[in-house]
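> Turn these sequences into a full structure, and let the hints steer you where they fit.
In our numbering, the protein residues as written are 299 to 713.
Calculated directly from the structure, the hints in this document are not laboratory data. Warning: the hint list may mix true and false statements.
Pairs of lysine-lysine residues, derived as BS3-like cross-links and limited to a Cα-Cα distance of at most 30 Å, are as follows [said to hold, decoys possible]:
#	residue 1	residue 2
1	K345	K330
2	K330	K388
3	K388	K305
4	K305	K345
Using C-beta positions, here's what the derived DEER-type ranges look like [to be verified]:
#	residue 1	residue 2	range
5	S547	T369	20 to 26 Å
6	A535	A338	40 to 46 Å
7	D329	G525	26 to 32 Å
8	V359	V601	23 to 29 Å
9	P675	T369	22 to 28 Å
10	R583	G676	29 to 35 Å
11	S547	A510	19 to 25 Å
12	R566	G676	19 to 25 Å
13	R623	G525	47 to 53 Å
The beta carbon of each residue, even a glycine, is placed where N, CA and C say it ideally should be.
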Amino acid sequence: MTTRWLKPLVGHPGPFATVYLDATRSVEAGDKDVANRWRAVRRALEKQGAPATVLTDLDDVVAVPTRVAGTHGRVLIADSTGVLVDRVLKEPPAVTVGLWHEVPSLLQAARSADENVDAVCVTVDRQGADFCRVGADGYATGPVESFEAPHDEVSKSSSTTVKRATIESRAEDSWRRNAEAVAAEIDRRVAEERPETVLISGDVRAVHLVKAALGQGAGRLTVEVSGGGRGPGIRQAAFAEALADALDSFRERRRELVLAELRQGLGRADGAVTSIDDVVQVLARGQVKHLVLSEELADAAAVALRRWAAGDADNPGFGGLLDGRNLWIGPEPMHIAVARAELTGQGVSEGLQELPAASALMRAAVAQDAGLTFAPPGSVELMDGVGATLRWSDGGTPHESAVSMSGDGRRLHNL
Numbered sequence: 299m300t301t302r303w304l305k306p307l308v309g310h311p312g313p314f315a316t317v318y319l320d321a322t323r324s325v326e327a328g329d330k331d332v333a334n335r336w337r338a339v340r341r342a343l344e345k346q347g348a349p350a351t352v353l354t355d356l357d358d359v360v361a362v363p364t365r366v367a368g369t370h371g372r373v374l375i376a377d378s379t380g381v382l383v384d385r386v387l388k389e390p391p392a393v394t395v396g397l398w399h400e401v402p403s404l405l406q407a408a409r410s411a412d413e414n415v416d417a418v419c420v421t422v423d424r425q426g427a428d429f430c431r432v433g434a435d436g437y438a439t440g441p442v443e444s445f446e447a448p449h450d451e452v453s454k455s456s457s458t459t460v461k462r463a464t465i466e467s468r469a470e471d472s473w474r475r476n477a478e479a480v481a482a483e484i485d486r487r488v489a490e491e492r493p494e495t496v497l498i499s500g501d502v503r504a505v506h507l508v509k510a511a512l513g514q515g516a517g518r519l520t521v522e523v524s525g526g527g528r529g530p531g532i533r534q535a536a537f538a539e540a541l542a543d544a545l546d547s548f549r550e551r552r553r554e555l556v557l558a559e560l561r562q563g564l565g566r567a568d569g570a571v572t573s574i575d576d577v578v579q580v581l582a583r584g585q586v587k588h589l590v591l592s593e594e595l596a597d598a599a600a601v602a603l604r605r606w607a608a609g610d611a612d613n614p615g616f617g618g619l620l621d622g623r624n625l626w627i628g629p630e631p632m633h634i635a636v637a638r639a640e641l642t643g644q645g646v647s648e649g650l651q652e653l654p655a656a657s658a659l660m661r662a663a664v665a666q667d668a669g670l671t672f673a674p675p676g677s678v679e680l681m682d683g684v685g686a687t688l689r690w691s692d693g694g695t696p697h698e699s700a701v702s703m704s705g706d707g708r709r710l711h712n713l
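Below, the structure written as structure tokens:
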């Protein structure tokens with residue numbers, strides 16, 4: 299998945315308020331349910347020392363409904379400058395909780411976000427298009443924005459006179475020009491908003507013309523879905539189900555493409571690495587295309603957070619790898635190392651900080667626009683539960699062929 303939604307965290311030193319909230323509204327109570335859950339979380343944050351200004355900023359954002367139907371969750375991350383992250387999650391969190399800490403609790407949010415797809419739905423007819431963002435359930439998660447194409451002569455004549463051919467020719471020309479205008483608008487939005495996929499539906503002829511006029515970038519992202527349209531008579535529930543199915547298929551393809559690339563790179567000892575030491579090395583060099591974490595890490599972090607919220611643990615746990623192993627970071631996002639001495643040896647002497655391994659890895663990955671994927675059990679062999687695919691390799695890149703020769707193969711886990 300893309301990590302752009304975490305980009306606002308880069309450059310902020312903390313501390314942070316991290317909120318996991320069940321944003322599901324009941325039919326009877328509506329938004330009151332969410333408000334009551336938030337009040338409990340707010341009290342917990344206040345007891346942990348979160349400033350009143352941070353809590354007020356969160357008050358304002360939580361008060362805005364998600365407008366998402368059905369069960370779902372929400373994660374918010376804020377610091378003294380305001381709310382930095384506000385993300386709808388496909389499922390409610392395992393526990394509704396708030397944390398005030400030097401680092402945000404990201405693993406559970408990232409795991410939930412991996413189930414989402416950054417998608418734009420475009421419904422078209424011969425006069426224009428409607429645009430909206432859609433959630434995992436296939437329903438809009440925001441306002442619908444309409445785009446009206448400039449050519450309005452779109453109806454053919456029933457006349458049998460010579461004029462009929464002229465009118466029909468003009469109508470078809472208007473259809474084509476309108477489709478080109480809609481395609482240009484899709485191209486523009488894709489370039490500016492960078493969605494992962496574009497789901498297009500509507501008038502069959504218009505869809506065909508628009509797809510044919512798309513640029514290469516938008517064309518590669520576009521998937522046709524049946525059942526939608528701009529006018530009345532659309533079976534909205536059936537269309538939402540079709541969109542949800544398309545998003546499920548996209549999500550599975552997205553994950554398998556990354557895992558296949560990782561398996562291939564590890565198999566030929568080029569283009570991918572595994573083990574925390576090697577992943578740290580390639581992150582520090584800006585080589586990472588996708589960071590891959592085992593689902594077991596996120597599950598362990600969720601259990602630790604649940605135990606902390608129940609009062610059964612002294613700290614919430616932040617998904618540190620290798621039994622709580624930490625890493626070192628510096629002031630720049632890609633200052634990351636296994637040991638403090640590695641950073642001081644590079645001349646970095648100020649702003650050094652020790653973080654839970656997962657937090658440090660994700661910080662560096664987000665800074666270099668790397669993707670993030672969670673590997674299900676049995677899908678790929680990962681050492682320490684972490685791996686990465688690479689944008690490029692050179693002589694300084696670690697190669698995994700050394701693993702089996704080093705006597706350290708016991709650290710490989712078949713996840």
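> Run every hint past the structure and note whether it holds.
Each hint tested on the structure:
1. K345 / K330: Holds, because 23 Å separates the two Cα atoms, which is no more than 30 Å.
2. K330 / K388: Holds: K330 and K388 sit about 20 Å apart, inside 30 Å.
3. K388 / K305: It holds: about 20 Å lies between the C-alpha atoms, which stays within 30 Å.
4. K305 / K345: Holds: K305 and K345 sit about 28 Å apart, inside 30 Å.
5. S547 / T369: 20 to 26 Å: Because 22 Å falls inside the window, the suggested range holds.
6. A535 / A338: 40 to 46 Å: 34 Å, violated
7. D329 / G525: 26 to 32 Å: 30 Å, holds
8. V359 / V601: 23 to 29 Å: Once the Cβ atoms are compared, 28 Å apart, the range 23 to 29 Å for V601 and V359 holds.
9. P675 / T369: 22 to 28 Å: About 25 Å separates the Cβ atoms of P675 and T369, which means 22 to 28 Å holds.
10. R583 / G676: 29 to 35 Å: Holds: the Cβ-Cβ distance is about 30 Å, inside 29 to 35 Å.
11. S547 / A510: 19 to 25 Å: 23 Å, holds
12. R566 / G676: 19 to 25 Å: 21 Å, holds
13. R623 / G525: 47 to 53 Å: Once the Cβ atoms are compared, 49 Å apart, the range 47 to 53 Å for G525 and R623 holds.
Hint 6 from the list above is the single one not met by this structure.
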